[in-house]
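Put chain W on the given structure of chain Y with help from the hints.
Spelled out from the first residue to the last, the chains are:
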Amino acid sequence: MGGMILASAGLAALFAPWVAPADPLLITGDRLQGPSLAHLLGTDLLGRDVLSRVVHGARLSLGAGALAGVSVMTVGVLVGVVAGYLGGVIDSLLMRLAELVLALPGMILAFAIAAVLRPGITAVLVGLVSVWWASFSRVVRSLVLGLRTRDYITASRASGAGHARVIVRHVLPNVTSQVAVLMTLRMGRLVLAVGGLSFIGLGPQPPTPEWGAMLNEGRAAFPSYPHVMLAPGLALMTVVLGLNLLGDGLRDALDPRTGNLADARGLGRETSRWCVARRLLWRVPGGQPPCPPGCR
Amino acid sequence: MTQLFLRRTGWLCVVLIAISALTFWLGTLVPGNPAEMILLATQSEPPTELQIRAKRSELGLDRPLPDQYQRWLSRAVRGDLGVSWTRSVTVTSLIVERLPRTVLLAAAGLALSLMIALPLGLASARRPGSRIDSACRAWSLVGGSLPAYLLAYLLILVLAVKLQLLPVLGFDSPLHLVLPALTLAVGSAASITRFTRNAVLDAMSQSHVRAAAARGVPENAVLRVHALRNASLPIVTMVGLSLAGLIGGAFVVEWIFNWPGMGTLAVEAINTKDYPVIQAFVLFSALAYVIVNFAVDLLCAALDPRGDRARASI
Chain Y
75 MGGMILASAG
85 LAALFAPWVA
95 PADPLLITGD
105 RLQGPSLAHL
115 LGTDLLGRDV
125 LSRVVHGARL
135 SLGAGALAGV
145 SVMTVGVLVG
155 VVAGYLGGVI
165 DSLLMRLAEL
175 VLALPGMILA
185 FAIAAVLRPG
195 ITAVLVGLVS
205 VWWASFSRVV
215 RSLVLGLRTR
225 DYITASRASG
235 AGHARVIVRH
245 VLPNVTSQVA
255 VLMTLRMGRL
265 VLAVGGLSFI
275 GLGPQPPTPE
285 WGAMLNEGRA
295 AFPSYPHVML
305 APGLALMTVV
315 LGLNLLGDGL
325 RDALDPRTGN
335 LADARGLGRE
345 TSRWCVARRL
355 LWRVPGGQPP
365 CPPGCR
Chain W
2 MTQLFLRRTG
12 WLCVVLIAIS
22 ALTFWLGTLV
32 PGNPAEMILL
42 ATQSEPPTEL
52 QIRAKRSELG
62 LDRPLPDQYQ
72 RWLSRAVRGD
82 LGVSWTRSVT
92 VTSLIVERLP
102 RTVLLAAAGL
112 ALSLMIALPL
122 GLASARRPGS
132 RIDSACRAWS
142 LVGGSLPAYL
152 LAYLLILVLA
162 VKLQLLPVLG
172 FDSPLHLVLP
182 ALTLAVGSAA
192 SITRFTRNAV
202 LDAMSQSHVR
212 AAAARGVPEN
222 AVLRVHALRN
232 ASLPIVTMVG
242 LSLAGLIGGA
252 FVVEWIFNWP
262 GMGTLAVEAI
272 NTKDYPVIQA
282 FVLFSALAYV
292 IVNFAVDLLC
302 AALDPRGDRA
312 RASI
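Top to bottom, those sequences are chains Y and W.
Here the numbering used here is used: the first residue of the first sequence is 75, the next is one more, and so on.
Here the numbering used here is used: the first residue of the second sequence is 2, the next is one more, and so on.
The hints are simulated quantities; they were obtained by calculation from the structure and are not laboratory data.
Even glycine gets a Cβ: it sits at the ideal position worked out from N, Cα and C.
Treat the hints with caution; some may be incorrect.
To be verified - Incomplete in silico selection of chain W near chain Y, CB under 10 Å:
| # | residue |
| --- | --- |
| 1 | V97 |
| 2 | L100 |
| 3 | A215 |
| 4 | G217 |
| 5 | W256 |
| 6 | Y276 |
| 7 | I279 |
| 8 | S286 |
| 9 | A287 |
| 10 | A289 |
For reference, chain Y alone in the conformation it holds in the complex:
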């Protein structure tokens, strides 16, 4: 898990902005475009220090990504638990809705929703969350279905654990830990999606530093002064790489047999839960999972 090392780089990027912004936020300095001198990463079209913009942009880009991730998890868990636990009509309805959302192209839908709202980070967040909750809710639902028949659930109901609410106290902890792992795997793509929507112009508007928006701004200067685009771009890529490595590392830690999928047969619980989750996330039509034959 050397991946964990790079992952800490990702985490460091998260905390750095609060600790030490390289320079004040927006120096509208006189210099228009300058390569690496007193300004470590140069200045952009308006004379602002690229490094400090990148560092502050991390707050918005990563913060939005994190917020989006948490929102997706919350909505997904909510819907999934309700559907899985209550079953029946509500279950079918919610799952049909989820399938509908999944049937539509994600980026297009997010794009459409964000386009209708006023451009800004909220639009991007709303757009992305409305699309991404669906696959999570399906995973959660299947997890809940699996848990519903467990002994401790039956036991607590039998001992008069009144509501669904008390039982939720058993269901939720088990579910959220798994969902959190899944989320770390997808977090990279989520951050990229935030950047992508901002790049088109649906996100935070000009003076605000955000990596996607900065990439957009850098387009004008591009061929002659690549550093204006390269700085936020490489920052974005490194962070996403760190996130992906972290996700992979976590998954490897929990599911010991990654390299050789074929031997997953005898592993029982973790693997089958994992396979179910993965299969759901993949939403491969025709029910063909990229999963070994031993998996349920």
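Chain W only, in chain Y's frame:
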């Protein structure tokens, strides 16, 4: 089989209706007054209050929503998607002009991506744990972290600017297709490589393949006859999904390279708040995506020799 087909077709219809409803509903959420916008576009002086009101009732905008939806739908089905607010041409003509170009780009991207990814995935699976394998997996990882909008500029920097090999903007020659298609290709190649590798590894680990290898069947034959046949189904699924994914994601790349397709149209429409165009873009992209997925579904069902009963579904 027929039952599955009917069920899937039924679901397809539901999804199509949902798409149309969603697109229509998004259009109504738009801030701003459509009547006013159209009048502003078509006449030279700012419209008067009376004109706006007249236009509103002409367009049926003062009727209840379900009514409006029905009118919109009936017009849309007949091919009338309204007039662009900024360009005063029918939206349909814009779509007809631009859609084929987007399809061309997506197809080229997919073809390139397959040319890169399939051999790599195969090579990686044949020697698991080797340097090729590690290289491919690393490449998969990096490819998944590299967004298209950054990759595009990196490619431009290297191929177009420094090496002066390929043109960047516009549409004039076949060479113009290379850079955008390459950008799209690299993006999906990363995941296709990883997927192919896993699928082939899975297939190769199955008992009949191992038995064949143990019997002494030469490695190439084992690969070709036994393993690939089993692996081909998930791979075909993946290809179909990638195509669908490309349809969904190509619009950013199009805009970057100024490739005059649906994507550029959509982004321009966003900036000028030209909602009929945005609506049509969402409609068509969603349609294409859903239809491709549906086709993949059917293909999957048709190709799977194990039949309906053996197919596990959730």
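Item to check | Hints not upheld, ascending by number | outcome: Hints 1, 2, 3, 4 not satisfied by this model.
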